[in-house]
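K.L.:
Spelled out, the chains give:
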Amino acid sequence: MKKLCLILALFVAAPVTAFSGDIMYIMSARAKLLTDPAFGSKTIENVSKGEKILAIEKKSNWYKVIYNEKTGWVSRLSVSSHPPLKRSRRMAKADTKLMNNSRRRASSVSTTAAVRGLTDIDRSRVSNDEKMDYASVTLMENYHIEDNEIVTFMDDIKD
Amino acid sequence: MHSNKHSLLIILLLLIVSLPQAALSADKNFRLRLHQNNADINTLSDIDTEVKFGKTISARILGQFKEYKNEGLKRYVNLVGKSLAMNSSRDEIEFHFSVLNADFINAYSAPGGYVFITKGAIKAMRDEAELAAVLAHEVAHITRKHIVNEFKIKAADDSATAGLSNLLGSSSSSAKVAFSQSVDNAVNMLINKGFKKEEELDADKEALLLLAATGYDPSSMRRYLKRTKHIIKKTQSRTKHKPTHPPTSKRIKSLKRIAKQEGLNRLKLPRANARFNKYVRL
Numbered sequence: 224m225k226k227l228c229l230i231l232a233l234f235v236a237a238p239v240t241a242f243s244g245d246i247m248y249i250m251s252a253r254a255k256l257l258t259d260p261a262f263g264s265k266t267i268e269n270v271s272k273g274e275k276i277l278a279i280e281k282k283s284n285w286y287k288v289i290y291n292e293k294t295g296w297v298s299r300l301s302v303s304s305h306p307p308l309k310r311s312r313r314m315a316k317a318d319t320k321l322m323n324n325s326r327r328r329a330s331s332v333s334t335t336a337a338v339r340g341l342t343d344i345d346r347s348r349v350s351n352d353e354k355m356d357y358a359s360v361t362l363m364e365n366y367h368i369e370d371n372e373i374v375t376f377m378d379d380i381k382d
Numbered sequence: 697m698h699s700n701k702h703s704l705l706i707i708l709l710l711l712i713v714s715l716p717q718a719a720l721s722a723d724k725n726f727r728l729r730l731h732q733n734n735a736d737i738n739t740l741s742d743i744d745t746e747v748k749f750g751k752t753i754s755a756r757i758l759g760q761f762k763e764y765k766n767e768g769l770k771r772y773v774n775l776v777g778k779s780l781a782m783n784s785s786r787d788e789i790e791f792h793f794s795v796l797n798a799d800f801i802n803a804y805s806a807p808g809g810y811v812f813i814t815k816g817a818i819k820a821m822r823d824e825a826e827l828a829a830v831l832a833h834e835v836a837h838i839t840r841k842h843i844v845n846e847f848k849i850k851a852a853d854d855s856a857t858a859g860l861s862n863l864l865g866s867s868s869s870s871a872k873v874a875f876s877q878s879v880d881n882a883v884n885m886l887i888n889k890g891f892k893k894e895e896e897l898d899a900d901k902e903a904l905l906l907l908a909a910t911g912y913d914p915s916s917m918r919r920y921l922k923r924t925k926h927i928i929k930k931t932q933s934r935t936k937h938k939p940t941h942p943p944t945s946k947r948i949k950s951l952k953r954i955a956k957q958e959g960l961n962r963l964k965l966p967r968a969n970a971r972f973n974k975y976v977r978l
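First to last, the protein sequences are chains A and B. If you count the first sequence from 1, you need to add 223 to reach this note's numbering. If you count the second sequence from 1, you need to add 696 to reach this note's numbering.
Just chain A, same shape as in the assembly (with noise of 0.2 Å):
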């Protein structure tokens, strides 16, 4: 009986012993770590881009982490399990610099063509209904706000 006892005991300690949490990385630039997992509920502390946390728990678009020896809730929205990434911007920085040459070589044309997925077949595809406006889209990706000026804005939500 006492062998029976003793081997049960160590069955049931080993999964005990294995449950752990998770690494994860905050990706979005205003993560809360709030008490419930709700958005109305209280905040214990606001957790910077690129932090760790340690995920323990998920519930529906929540986790439940630890983080500075607190344990609290943050937003699917906000996390990951991968370290966040830089942004993407060399695709259109590549596009500027090519449009922009004066003094571009039958090379560095059809350079251009093959970052904009255009050749000369695509191009007699091109109907009246199929324009493309790449100039347009170029001024768009060049239009650029500075993060401190959108977290301005951003505070400044109320009625």
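Hint data in this document are derived by calculation from the structure and do not stem from the laboratory. Any given hint could turn out to be false.
Below are the BS3-like pairs computed for lysine-lysine, each with C-alpha atoms no more than 27 Å apart in a straight line [as the list claims (entries may be wrong)]:
1) Lys381(A) - Lys815(B)
2) Lys964(B) - Lys974(B)
3) Lys281(A) - Lys841(B)
4) Lys282(A) - Lys952(B)
5) Lys293(A) - Lys282(A)
6) Lys956(B) - Lys282(A)
7) Lys848(B) - Lys354(A)
8) Lys893(B) - Lys255(A)
9) Lys964(B) - Lys282(A)
10) Lys949(B) - Lys282(A)
11) Lys974(B) - Lys381(A)
12) Lys841(B) - Lys272(A)
13) Lys287(A) - Lys952(B)
14) Lys893(B) - Lys282(A)
15) Lys974(B) - Lys922(B)
16) Lys281(A) - Lys956(B)
17) Lys848(B) - Lys381(A)
Predicted model only: the values in this text are computed from it and were never measured.
Based on the hints, put chain B in the right spot on chain A.
P.N.:
Leaving out everything else, chain B in the frame of chain A:
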């Protein structure tokens, strides 16, 4: 009697054993869900490919509808849109917002962070939270990668299941034509057919969470849909622009249900009416 005691003890011990096993199983499920939440994490090359595809679609959209030239409105729409993007799960891409010079009510989004809203859609709005709601829905199509998944957009690799990736990685003429055909299909989906119904409802759900996370009244989307329901119907009957979203009544019903589920109906968040009136004069 002695054997009965033994049986009872064994049953009790088995019950005790099963509890941590269940906890372990829950832990496994949690890890699986966590993995699924991040299953679509891309490499920088995947993101560049997505931007390239989205840029081509955007060139087609801006070829069809010109941008509405108004510096103040452009800045305002970008500030609202970028505020939402800052709270989204895809901070690795830069979002760009543009107002289209069109009087009908609609908004579009292309992979890689390109969002378009018509002048007509803004004209029908009453406050900043409603503008944020429409932009959040479009941002959600991008963060949930609806087009990316539909057209299997990722950087070129050697796998047989790479989908569009090999077209984007190849320099052959036939590959370029196939690329253009995919762009055609994506543009047709955005402007004429619309996303799948479940993707639209998914974008609505994500948009509600995004609105609350940014600090806007989540009921704004329902208010806007209710008000524009009849205008959209009327406009569409006399123009060539087709509806690209599921029936409004279905969306309103679904939004109400989600808001209740997520506890968003109890939130008292601002609509930012005064700031909207200051910047929007259409």
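K.L.:
Run every hint past the structure and note whether it holds.
P.N.:
Results of checking the hints against the structure:
1. Lys381(A) - Lys815(B): holds, 24 Å
2. Lys964(B) - Lys974(B): The given pair, whose Cα atoms are some 23 Å apart, holds under the 27 Å limit.
3. Lys281(A) - Lys841(B): With Cα atoms ~22 Å apart, Lys281(A) and Lys841(B) stay inside 27 Å; holds.
4. Lys282(A) - Lys952(B): At roughly 20 Å apart (the allowed maximum being 27 Å), Lys952(B) and Lys282(A) satisfy the hint.
5. Lys293(A) - Lys282(A): holds, 18 Å
6. Lys956(B) - Lys282(A): holds, 16 Å
7. Lys848(B) - Lys354(A): holds, 25 Å
8. Lys893(B) - Lys255(A): violated, 32 Å
9. Lys964(B) - Lys282(A): Holds, at roughly 23 Å.
10. Lys949(B) - Lys282(A): holds, 23 Å
11. Lys974(B) - Lys381(A): holds, 13 Å
12. Lys841(B) - Lys272(A): Distance of about 22 Å is within 27 Å: holds.
13. Lys287(A) - Lys952(B): Roughly 26 Å between the alpha carbons, so the hint for Lys287(A) and Lys952(B) holds.
14. Lys893(B) - Lys282(A): holds, 25 Å
15. Lys974(B) - Lys922(B): holds, 24 Å
16. Lys281(A) - Lys956(B): Within the cut-off at roughly 19 Å; holds.
17. Lys848(B) - Lys381(A): violated, 41 Å
Figure legend: structure checked against the earlier numbered hints; hints not met, in rising order: 8 and 17.
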